[in-house]
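Q: Using the hints provided, position chain B relative to the given structure of chain A.
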Amino acid sequence: MTMRNWIQIFALLMPGLGLILVLIGSVVYIAIAQSFGYYALLGESAFSTEFWSEVFSRKIFSRAVRYSIYIGFWSAVLSVALAYPLAIWLRKPFPGSIGLGALLKAPLLVHGLVAAFLYINVISYNGLLNQTMQGIGIWAEPRRLQNDSNAFGVLLLQVWKNMPFALLVLTGSVQGISDDVLDAARDLGAGPWARFRKIIAPLTMSGMQAAMVIIFIGALADFTFQTTVGPTNRQSMAQLMVSFKSRGDWHSAAVVGVSLMIIALLGSALLALLTRTVMRGSPR
Amino acid sequence: MFKKLFTTAAALGAFMTPLHAGDLSTMSWDEIVAQAKEESNLTWYVWYLQDDFRRAISSFEDEYGISVKIPDGDNAGNSQKMLAEKDRETGDIDVFAWGYDSFETVELKSLFNSLDKLPKDDGRVSKLAGVDGGDHVLAFWGNQSGIAYDPAKVSEADLPQSIDDFATFWTDHPNKFGFNYEKGGSGPSFYQNVLRNVAGVDFSNGEVSDARIAAVQPGFDFFNKHAANYIITASNVDNINRVSDKELWMAPAWEDHLAGLQNRGEVRKEIKFYIPEMGMNGGGNGVAIPKNAPHPAAAMVFVNWLTSPETQTMFNRDFGTAPMNAAADDSAALVPNEQRAFRQSWGKQPFRSKVEEAFIDNVILER
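Chains as they are written, first to last, in this note's numbering: chain A, 1 to 284; chain B, 1 to 367.
Same shape as in the complex, but just chain B:
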């Protein structure tokens, strides 16, 4: 009797225990796909546009018969979960999405499976915004910050390109420009690039020292000098809403965010977007498969689908992203390719965080 029970329990255990990365290393791609179909489901932790992604992944589910669960959760919560359960034998996360620069803050090899079993595709992107994801991370979402503007108020020829142009615009049109310093990165991208241009600080160096922070002061002075002529908004979406509402003429925004809102009819279609010559930050988000993913084969097939030219073309069309596969079609982008030359990388940590703290203390709290 006990023998029967033990055998049954062992058989059930073997059936229910998910396969791990090691099992995939000897498989061909076809075998991985077959294994993925057996696993039949996966969980993708992505912190934004969850509802839109749930719709977008239906073609993957139809093609492979693998269901994808996307839990609700924010960026900090997802990343803390990933780190907190890294020592569990089997975690909850199959595919983990994160800002590409955030992957730089952890040791990729110890946390994530190698993606070298994916079918060869030279168009995929593993180096982005100065971060090399190696065999462990692939970019699936390209984004670019810039300025959203109302063409009925500002003509293309009059768009501010340099810090002096912005200062002139603020003086000529008081309180028609606004930016956020929290709840979204478009405002921080704007003010950090102004600081970089005014103070000449090197954000690509993450080292923190009193002298380096003090060197940013001319940039703070620039903002304080013009404080009466621009406004501080509440968030990324507040920027776009206020331009759409005709309260502001210009405000920082993310290209993909604006395109998504326009595609869904939530803001005016007439609003345009550009990247000023002084530069604004661009980057993207990547995906990786945690070492303790419960469905590693399904995760691998999903990452392959997510980074394929077809999916990247679909993301460009539906979300306005910069495609993260060279073979994808980027004709639906909001900005012409020549403006992408003004793209800057996000500043390195911990210097960037210290500048953000100093900006709040020296500019925001001085208002």
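One chain only, chain A, in its complex shape:
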């Protein structure tokens, strides 16, 4: 290729690539630089690994890493696991399927914070659930359900919010499978599980991986659900980052932020690989 061709390609890529490099690259650069002591809002800006060693030595950080991975992983797995049967069910149109599909995707239009507050109202000490359970005589007195230590409330909200997204992605993938392929499998004696395992899953692998990875990244960095309904004896990484920042400790906040980006990157790759391994038996 001539230099002229290279310049043309570069010029064509610039509107998209330039935006990514300038907007995302500059933010990533500043976060990394700040984690090493540069860009101090107050005081001296100088290279230092002190913030990394100090944050990594804190128990609250290792707990936050484990906790965020737990939320990210299970949110992705549960959302996709619930979305798959629905996507297959809605694959072929039937009376009311469009309305049903729209209803299932409705949570995409509701902000997570609104859902979190509604959830608190339902599970609070004198909330709807406690009143119902006492009313029908199952519980003798109200139970404390808010901020449960296993973060089931956070997982419930994450799945409620993310399952419709997984459904959106998987519906497209599942609908792309030709009837002929599934009919041929059926003719050859494949049952529902075999058809899913050997036909649907491999052909929708990309959609599933995309859904898993995007949900994982979002849930890993959860702040809204965690601060509203999450356990009070641990913090998510985003919550810890904000907590450092609100104390004016921008360098430690940057360490957590950069760690979050690294975990999101590595975790996504591992999750995509894991998905492929589980669904196909071995990586190809």
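In short, the hints are calculated from the structure, not lab data.
Quick caveat, the model's predicted, so the values are computed rather than measured.
Take the hints with a grain of salt, since some may be wrong.
As the list claims (entries may be wrong) - Heads up, incomplete: computed chain B residues facing chain A, CB under 7 Å, no partners named: (1) Lys69; (2) Ile70; (3) Asp72; (4) Ala76; (5) Ala234; (6) Val237; (7) Asp245; (8) Glu247; (9) Ile360; (10) Leu365.
Stated by the list, open to error - Per the computed footprint, the stretches of chain A lying under chain B, defined by three or more beta-carbons under 8 Å from a beta-carbon of chain B, are: (11) 58-65; (12) 124-132; (13) 230-236; (14) 241-254.
For every residue, glycine included, the Cβ atom is placed at its ideal position computed from N, Cα and C.
A: Same frame as chain A, but now just chain B:
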């Protein structure tokens, strides 16, 4: 033509450039008020109850014809903005509100205008919670942390006063007491005073050393020993909500916060408040005028109004604050004056932050 343009631009520039602090130093108070009316508006950076303040300042706007803008923003964001734009010739902030102890972390003289041109009023408060605001900061909001309780569950005679009383209460009534360790200072006020009483550490000394942090350990042990009998809540407001909801019987709270919620009908009126004898932290918030305030005269008149006996009486009535002017009426307070003797000052930094970190690591994460 160019001469005309230049003259017009210069005239417009002179008209639009705000006057600065130096201009006020030679003025009488009447001249400052006249100048303030010419400036006609000001921006007050305050990080809490913005909607309530927008209503409360209407009497100032009516009296002086000066409109007050209160932007939304949190404490950290406002203070970072104030510091970030300190070198700009003209900033955006006319009046800056901050926790009184936070003013101790900056050099007042280099950041804020002197308030010595205000009309003399000996009732104003410039020394609060161990911090001397000098000529640059005045307190406008007095607050006190304590314990909110449900009188239907705990009688006044049975209120825990000492750490032993609290331990007994936790044992006798498991999980009916809760406190927060973040998102608000009422919980931290409670646990820091328990630590002070149990471990005997001196929070008025801000020095940090391994030995001083290790000395707090008996306090952490106290909390861990009783961990099964109290709960950790999410925030200041969560404490009060759970008492109002009858889930908890007692929880730390701010006097002004509770009074405000009760006045607005957001929590039960029956909930009461007291300051235990073991002590809980009190303090307040102050206001100052940044050196690069775009409307310094209007800011000065506003600070005068904010710290006046009338405004402080109104704040006590509407928000339940401890008045920050000796001539104000404090009859609407939630606690009798004799309980104010149990007020403690916030611990000095950086020791306090280190204890907070250690508390999270040694108590919260151990649950």
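Q: Can you list which hints this structure breaks, lowest number first?
A: As far as the earlier hints go, 1, 2, 3 and 6 are violated by this structure, in ascending order.
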